[in-house]
Amino acid sequence: MDQEEHGSMTKKEKFVKDLTQLLQLGEELRMALFVECYGEDFLTRIGFEEPDLDLNTIKSKLPNFNKQYQGWYSEALALLKQILPDRVEDFRSHYEYPRVRKDITFQNYMIRDKLQGLRFTNQYNKKIQLDGKAAVPEFEQQLRILESAKSVFASSLFDMKGILQADMFDSEIDGARSLAKAGFLRSAGVICGVVIEKHLKQVCENHNLVIRKKNLTIGDLNDRLKNEKLIDVAQWRSIQHLADIRNICGHDKEKEPVKEQVEDLVSGTSRVVKTIF
Numbered sequence: 525m526d527q528e529e530h531g532s533m534t535k536k537e538k539f540v541k542d543l544t545q546l547l548q549l550g551e552e553l554r555m556a557l558f559v560e561c562y563g564e565d566f567l568t569r570i571g572f573e574e575p576d577l578d579l580n581t582i583k584s585k586l587p588n589f590n591k592q593y594q595g596w597y598s599e600a601l602a603l604l605k606q607i608l609p610d611r612v613e614d615f616r617s618h619y620e621y622p623r624v625r626k627d628i629t630f631q632n633y634m635i636r637d638k639l640q641g642l643r644f645t646n647q648y649n650k651k652i653q654l655d656g657k658a659a660v661p662e663f664e665q666q667l668r669i670l671e672s673a674k675s676v677f678a679s680s681l682f683d684m685k686g687i688l689q690a691d692m693f694d695s696e697i698d699g700a701r702s703l704a705k706a707g708f709l710r711s712a713g714v715i716c717g718v719v720i721e722k723h724l725k726q727v728c729e730n731h732n733l734v735i736r737k738k739n740l741t742i743g744d745l746n747d748r749l750k751n752e753k754l755i756d757v758a759q760w761r762s763i764q765h766l767a768d769i770r771n772i773c774g775h776d777k778e779k780e781p782v783k784e785q786v787e788d789l790v791s792g793t794s795r796v797v798k799t800i801f
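As numbered in the working numbering, the sequence shown has no gaps in its residue numbers, which increase by one up to the final residue, 801.
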């Protein structure tokens, strides 16, 4: 196995490991959600067959859904962005409630509602009409989407291009960091600029965005991604700030970059590569 293949397999194995851990925690969170929502009834609902364990014992072995869901959601979303980007919006939709909804019903009650403790009680008989139980099928759908990612690794069509590129970017960023420490600030800044530009081009390509301009700049790519709502305003401003530092390193001969600026550029470049897809 040559060095490139070894590096790509290592990265792939890391994805598989992360996915396995997320699925395991997801099943534990699912059980915790059932316990919270259904109490004693959950045993019969899921066909639990260990009569020696009472509900409190089971509950003590499970995570707290409200406390641990957000971390699980963020990690699962980041993983899906890299290996199954077509399902990202579907995954999000089971967490976020619609921006406009006249009434809150079982169909549009989402996980975010559950985390906020939203529930409705019949004003006449005081019975609960809608509560966190409505979030159970939404979370199960998220689990199924995450489970579907397993098939990506089993497929011979799995595209290793993005993984290999990520490894290459990590190496270039490490090189820029070393140059900055040695005092070669302009060189470090130029390398980071190239990495950001290549990565943003790849993001545009991933989303089938065509920019009809010959000499694309980081600013052009950054603007297009913001206009397509693939990045938010805070991300757009951050990238523009990094581009300004890169321009000082590469073009402005009357102004020398300072160490703090280039360190900010290096860390910002790493953040862009790891969070924007």
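No lab work stands behind these hints, which were simulated from the structure alone.
Incorrect hints may have been included.
[Claimed, not checked] Derived pair list, reagent style BS3-like, types lysine-lysine, alpha-carbon separation capped at 30 Å:
1) Lys605 to Lys650
2) Lys651 to Lys583
3) Lys779 to Lys705
4) Lys626 to Lys674
5) Lys651 to Lys705
6) Lys753 to Lys705
7) Lys583 to Lys650
8) Lys777 to Lys674
9) Lys674 to Lys722
10) Lys657 to Lys583
11) Lys798 to Lys722
12) Lys777 to Lys737
13) Lys605 to Lys777
14) Lys605 to Lys657
15) Lys626 to Lys651
16) Lys651 to Lys674
17) Lys753 to Lys725
18) Lys650 to Lys738
19) Lys605 to Lys651
20) Lys722 to Lys605
21) Lys541 to Lys591
22) Lys605 to Lys779
23) Lys541 to Lys626
24) Lys798 to Lys725
25) Lys725 to Lys737
[As the list claims (entries may be wrong)] Simulated DEER-style distance windows between Cβ atoms:
26) Arg736 to Glu551: 46 to 54 Å
27) Glu752 to Asn588: 34 to 42 Å
28) Leu579 to Glu784: 53 to 61 Å
29) Met692 to Thr581: 45 to 53 Å
30) Lys541 to Ser584: 25 to 33 Å
For each residue, glycine too, the CB sits at the ideal point set by N, CA and C.
Going through the hints against the structure:
1. Lys605 to Lys650: 43 Å, violated
2. Lys651 to Lys583: 25 Å, holds
3. Lys779 to Lys705: Holds, at about 19 Å.
4. Lys626 to Lys674: Violated, at roughly 38 Å.
5. Lys651 to Lys705: 65 Å, violated
6. Lys753 to Lys705: 36 Å, violated
7. Lys583 to Lys650: Distance ~28 Å between Lys583 and Lys650 Cα, so the pair holds.
8. Lys777 to Lys674: 51 Å, violated
9. Lys674 to Lys722: 28 Å, holds
10. Lys657 to Lys583: 17 Å, holds
11. Lys798 to Lys722: The given pair, whose Cα atoms are some 13 Å apart, holds under the 30 Å limit.
12. Lys777 to Lys737: Distance of about 27 Å is within 30 Å: holds.
13. Lys605 to Lys777: The given pair, whose Cα atoms are some 39 Å apart, is violated under the 30 Å limit.
14. Lys605 to Lys657: 28 Å, holds
15. Lys626 to Lys651: 22 Å, holds
16. Lys651 to Lys674: Outside the cut-off at roughly 42 Å; violated.
17. Lys753 to Lys725: Distance of about 16 Å is within 30 Å: holds.
18. Lys650 to Lys738: Measuring from Cα to Cα gives roughly 66 Å; hence the hint is violated.
19. Lys605 to Lys651: 41 Å, violated
20. Lys722 to Lys605: 18 Å, holds
21. Lys541 to Lys591: 23 Å, holds
22. Lys605 to Lys779: Violated, at about 38 Å.
23. Lys541 to Lys626: Violated, at roughly 42 Å.
24. Lys798 to Lys725: Roughly 15 Å separates the two Cα atoms, so the pair holds.
25. Lys725 to Lys737: 12 Å, holds
26. Arg736 to Glu551: 46 to 54 Å: Between Arg736 and Glu551, where Cβ atoms are some 48 Å apart, the hint holds.
27. Glu752 to Asn588: 34 to 42 Å: 37 Å, holds
28. Leu579 to Glu784: 53 to 61 Å: 56 Å, holds
29. Met692 to Thr581: 45 to 53 Å: Given a distance of about 50 Å, which is inside 45 to 53 Å, the answer is holds.
30. Lys541 to Ser584: 25 to 33 Å: 27 Å, holds
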